[in-house]
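Number of protein chains: 2
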Amino acid sequence: MLMRMSTLFVRTLREDPADAEVASHRLLVRAGYIRRAAPGIYTWLPLGLRVLRKVEALVREEMDAIGAQEVSFPALLPREPYEATGRWTEYGDGIFRIKDRKDADYLLGPTHEEMFTLLVKDMYGSYKDLPLSLYQIQTKYRDEARPRAGLLRGREFTMKDSYSFDVDDAGLEASYARHREAYVRIFDRLGFDYAIVEATAGAMGGSKSEEFLARSEVGEDTYVRCTRCDYAANVEAVQVRPTEVAASAENAWGGAPAAHVEDTPDTPTIARLVEHLNAALPREDRPWHAGDTLKNVLVMLKHPDGTREPLAIGLPGDREVDQKRLEGQLEPIEVEPFGEADFAAHPALVKGYIGPGVLGEEGASGIRYLLDPRVADGTRWVTGADEEGRHSVDLVAGRDFVADGTIEAAEVRDGDACPHCAEGTLESARGIEMGHVFQLGRKYAEALGLQVLDENGKLVTVTMGSYGIGVTRAVAAVAEGNHDEIGLCWPAALAPADVHVVAAGKDPAIFEAAEKLVADLGAAGVDVLFDDRAGKISPGVKFKDAELIGVPTIVTVGRGVVDGVVEVKDRRTGEKTELALDGAAAALAERVAG
Amino acid sequence: MLMRMSTLFVRTLREDPADAEVASHRLLVRAGYIRRAAPGIYTWLPLGLRVLRKVEALVREEMDAIGAQEVSFPALLPREPYEATGRWTEYGDGIFRIKDRKDADYLLGPTHEEMFTLLVKDMYGSYKDLPLSLYQIQTKYRDEARPRAGLLRGREFTMKDSYSFDVDDAGLEASYARHREAYVRIFDRLGFDYAIVEATAGAMGGSKSEEFLARSEVGEDTYVRCTRCDYAANVEAVQVRPTEVAASAENAWGGAPAAHVEDTPDTPTIARLVEHLNAALPREDRPWHAGDTLKNVLVMLKHPDGTREPLAIGLPGDREVDQKRLEGQLEPIEVEPFGEADFAAHPALVKGYIGPGVLGEEGASGIRYLLDPRVADGTRWVTGADEEGRHSVDLVAGRDFVADGTIEAAEVRDGDACPHCAEGTLESARGIEMGHVFQLGRKYAEALGLQVLDENGKLVTVTMGSYGIGVTRAVAAVAEGNHDEIGLCWPAALAPADVHVVAAGKDPAIFEAAEKLVADLGAAGVDVLFDDRAGKISPGVKFKDAELIGVPTIVTVGRGVVDGVVEVKDRRTGEKTELALDGAAAALAERVAG
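As you go down the protein sequences, you meet chains A and B in turn. Going by my numbering, the letters in the first sequence line up with residues 1 to 594, in that order. Going by my numbering, the letters in the second sequence line up with residues 1001 to 1594, in that order.
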């Protein structure tokens, strides 16, 4: 395959696009791979489309290799199946909704669990038909509140989504494992530096799930890994380690004195409170610190149907509520601030001095009250006494107050104990979510009635897995991980061409030699991008374009032609070598193959 | 590539789906190629997707061969560009409209002229950049009033659409010719029996356009061809032959007596009128006939913005108004019947006796009045006198009445004179619109400001062509043209496999022999669909499935194995031959290649 720069539909830009926040976005636009059509919606130009198709082909190959079968669903989907599973409502503003000319409701599919479930129900009816894995590489839509970073979070994008169907849990485990292994091969072949982390299931429902995150500072996901063991989890999915809970219950139930209320004037903040405690009520063994206090944070939950509901979260005073972790637990509910008007509507809440006394569905405020797992039964706290300038001291969880449950919403910090091993601590990093594997279980099959006859002729509900790869996002993530200041550096598997040949100079002999080299490369099966532009385009401009576009091997046919040599440059390392023009095509073909 | 029926995601159906009107729909569903997801919206199953991909690959190859470059636009498009060209309104109910969470307007692209125009404007600026041809193979949406016939008229479908950009008319002619030639190659390779016919441009605007119609009784398009010359046109585009107009002006202006009104009691229909004329006012030379009368037909036009406007059409009494021809002229306006309430609102109209006297924008009714070209100046007519039971006789067009213009809305009939040659007559046939080539001209470039600098440094507006192929529709049209009562008969270029191997019988030796044959075929590069189903599936069921699915060559490995032979059946002809098992793979590979 030969592309000539003289006719290729491309224009490189010297300036960064104004709206580009991240390198992949900046460079993919500047090098002429993509163009913005609307916020979060992109057009693929010839160079970009070649890279996209290579990702698709690679993904397809690995999905076929595990026996998954390709199908293709529409993007425009009827409301009813999504109504049956509740997702029509749960997605809230996150999906595009449409009415057709007959006023029937449709959506643009954000993911296709319902449709696959119904299709299998329509076609299959026996355990003998299972296991089954189906996939598609297809356009998806999400009405993101903040489309950002070019292809990394778009509103129209390509995904590979697959779904497994099994008759029992062991089957689901096996299907899940097969997909997971295929994903490992795919991300290895795409050349990613990635982590596989435990994840929450979110709006998908189901139980076990893991994410494949490309390590990247511009990623929207934060994950933690243990410094000792192989534990890694999306920060939304981290669960406080049981031993950490026990350790924080440092004062046994019986050993704590009875709770008592103290005057703590002008202590609406944790810092002021700790200062006051150390001055007015000094402890013998060690000074008071923020971790001794129980902070009660109020937020307002917005349900997909628009209704609002307050929530109180009790957590140690030295930690903040992590909004993403909180939302991860509550999805599809959104979390909004608890404003002045909300405080006014709940007069039992004394701002700065809120204590467990008024919280809980049984409390004076009636507000649901959930505790961080560290506030375990038996742990002792200083907390608000629900009066201006007063705090309760020696308040023991479980003895002096109870809540409506627990929630994992406190921030995770570097140095926190690993929830998996005994000794390690957690450290955080950022990543781009490239893939996600879920054990959905029977949620969708139950909602939509997907049952098959088992070996004994009894109807059983099918158990499902759901597996996604962001295909357009992969292009951006590879670009994010493979560039330098001057341009892209594609891995060979995804580059739009194998070799970029630059005809540098005006001498007709140079163009003749370049044309011959390009023809020989084509005959040897090498994909070439050939900068054959004549006229005013200087060699300097051509080199800049080649470095921006990022084909792995750049061959300059220039003045060396008189000496029978061309220059070969490795785009990534910058290493340059000379190559005899005679036999250059064969040598380059070997280099490309190797 | 090997597909095994034991695991392939397919279920053949013995019964026709209830909603299937045409053979392709019936058979593609029954044979497990597609499944309905919603009205006019289909899911592609593994067998169907293979055929679809083959069509796409073939189209892509021919587009690349003429130097068109592939890009990929989003389907979700912003309103503004379509507003600029007027199509946001013109499409009326025909497109899907969406509001995003910020209340911004989007549409699902029915075709992408605006977006391509803007992209080229964004990237190119000089005549040196042209000519340019771009294409995409992409999902399109139309909110059809009556989605029908399965894939033949869907609401979500795949199209190849391309666009050419030239600096002058000669360039557009050349680009148009190149696309037209590529289309000829594509439809030849797809194995279509097709006609290339003159077409109207419809909502696209522009000048010259032609359609590629697959000949088919179930097609929605009617076209005519000349019995003598190579003239062919969509019936919507047929223009009445000038000589026919002249011939119908049989009475010269001067030769006609003055117009006079006659009592014609109880003659509200043409038939009754002609009967009355022959009885009461017999002519010497020949009897009165319907073609001597001028019929004035009223319709109600519905504009895309919802406003309604009456229109009167005057045409010879022996012809009806052809609604599709009329709508073809008026697109995007829709045509509705002129109802009782409409008559009531226009008291000047005397039903059954409407004459030119009250019609026209200057007439008593104020209703716009357009004439069939046969009602040319100088022609003489009998027509309504706008009084109950009275008609005007010897009324001469141009002398006694004038209209607001002409319109090509009269039905075209077999035997009508060919508008192109001197001697031929027209005959009609039906077809499925598979491709359409348009010379758009400068309409879109002007509306969106696509200009380039010409050789003299002057800004000139670019001239464009637009070229479409219905890719999903092609699958259905090929199926429509390649089937019999028992199933599909794919042409080799599009079949989901080259050979369908049926293991017929329970003898393990049969399965062993079949497995070996399939392996050998795979090694020889032959794509195989292998019916390896064991257990209760009888050979009869397997044969029925093979005939329904329609792979061109069906190989039965059965009892003949003991004699070292297999049976080879040509699906289309039904011809059966025996083949020695030894060397069968090589022989079949040769058969497939040939």
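Just so you know, these hints were derived from the structure itself, not from any lab. Treat the numbers as computed from the prediction; the structure is a model and nothing was measured. Backbone N, C-alpha and C define an ideal beta-carbon position, used for all residues, glycine too. One or more hints might be untrue.
To be verified - Facing chain A, a subset of chain B residues (Cβ under 7 Å, in silico):
#: 1; residue: Arg1011
#: 2; residue: Leu1049
#: 3; residue: Val1071
#: 4; residue: Ser1072
#: 5; residue: Pro1074
#: 6; residue: Leu1076
#: 7; residue: Pro1078
#: 8; residue: Ile1098
#: 9; residue: Arg1101
#: 10; residue: Asp1105
#: 11; residue: Met1123
#: 12; residue: Gly1125
#: 13; residue: Asp1143
#: 14; residue: Glu1173
Unchecked claim - With a straight-line Cα cutoff of 25 Å, these simulated BS3-like cross-link-like pairs (lysine-lysine) come out:
#: 15; chain 1: B; residue 1: Lys1516; chain 2: B; residue 2: Lys1576
#: 16; chain 1: B; residue 1: Lys1458; chain 2: B; residue 2: Lys1506
#: 17; chain 1: A; residue 1: Lys569; chain 2: A; residue 2: Lys542
#: 18; chain 1: B; residue 1: Lys1102; chain 2: A; residue 2: Lys128
#: 19; chain 1: B; residue 1: Lys1208; chain 2: B; residue 2: Lys1324
#: 20; chain 1: A; residue 1: Lys121; chain 2: B; residue 2: Lys1542
#: 21; chain 1: A; residue 1: Lys536; chain 2: B; residue 2: Lys1506
#: 22; chain 1: A; residue 1: Lys128; chain 2: B; residue 2: Lys1506
#: 23; chain 1: B; residue 1: Lys1102; chain 2: A; residue 2: Lys302
#: 24; chain 1: B; residue 1: Lys1128; chain 2: A; residue 2: Lys542
#: 25; chain 1: A; residue 1: Lys544; chain 2: B; residue 2: Lys1208
#: 26; chain 1: A; residue 1: Lys121; chain 2: A; residue 2: Lys54
#: 27; chain 1: B; residue 1: Lys1542; chain 2: B; residue 2: Lys1516
#: 28; chain 1: B; residue 1: Lys1099; chain 2: A; residue 2: Lys302
#: 29; chain 1: A; residue 1: Lys506; chain 2: A; residue 2: Lys542
#: 30; chain 1: B; residue 1: Lys1121; chain 2: A; residue 2: Lys542
#: 31; chain 1: A; residue 1: Lys302; chain 2: A; residue 2: Lys324
#: 32; chain 1: B; residue 1: Lys1516; chain 2: B; residue 2: Lys1121
#: 33; chain 1: B; residue 1: Lys1544; chain 2: A; residue 2: Lys128
Stated by the list, open to error - Quick look at which bits of chain B chain A covers, simulated, 3 or more residues with Cβ under 8 Å:
#: 34; segment: 1131–1140
#: 35; segment: 1576–1585
Evaluated hints:
no.	hint	verdict
1	Arg1011	5 Å, holds
2	Leu1049	5 Å, holds
3	Val1071	6 Å, holds
4	Ser1072	4 Å, holds
5	Pro1074	5 Å, holds
6	Leu1076	5 Å, holds
7	Pro1078	4 Å, holds
8	Ile1098	5 Å, holds
9	Arg1101	4 Å, holds
10	Asp1105	11 Å, violated
11	Met1123	5 Å, holds
12	Gly1125	9 Å, violated
13	Asp1143	5 Å, holds
14	Glu1173	20 Å, violated
15	Lys1516(B) / Lys1576(B)	22 Å, holds
16	Lys1458(B) / Lys1506(B)	80 Å, violated
17	Lys569(A) / Lys542(A)	14 Å, holds
18	Lys1102(B) / Lys128(A)	49 Å, violated
19	Lys1208(B) / Lys1324(B)	19 Å, holds
20	Lys121(A) / Lys1542(B)	23 Å, holds
21	Lys536(A) / Lys1506(B)	75 Å, violated
22	Lys128(A) / Lys1506(B)	19 Å, holds
23	Lys1102(B) / Lys302(A)	18 Å, holds
24	Lys1128(B) / Lys542(A)	18 Å, holds
25	Lys544(A) / Lys1208(B)	44 Å, violated
26	Lys121(A) / Lys54(A)	33 Å, violated
27	Lys1542(B) / Lys1516(B)	19 Å, holds
28	Lys1099(B) / Lys302(A)	21 Å, holds
29	Lys506(A) / Lys542(A)	13 Å, holds
30	Lys1121(B) / Lys542(A)	23 Å, holds
31	Lys302(A) / Lys324(A)	15 Å, holds
32	Lys1516(B) / Lys1121(B)	59 Å, violated
33	Lys1544(B) / Lys128(A)	22 Å, holds
34	1131–1140	holds (count 3)
35	1576–1585	violated (count 0)
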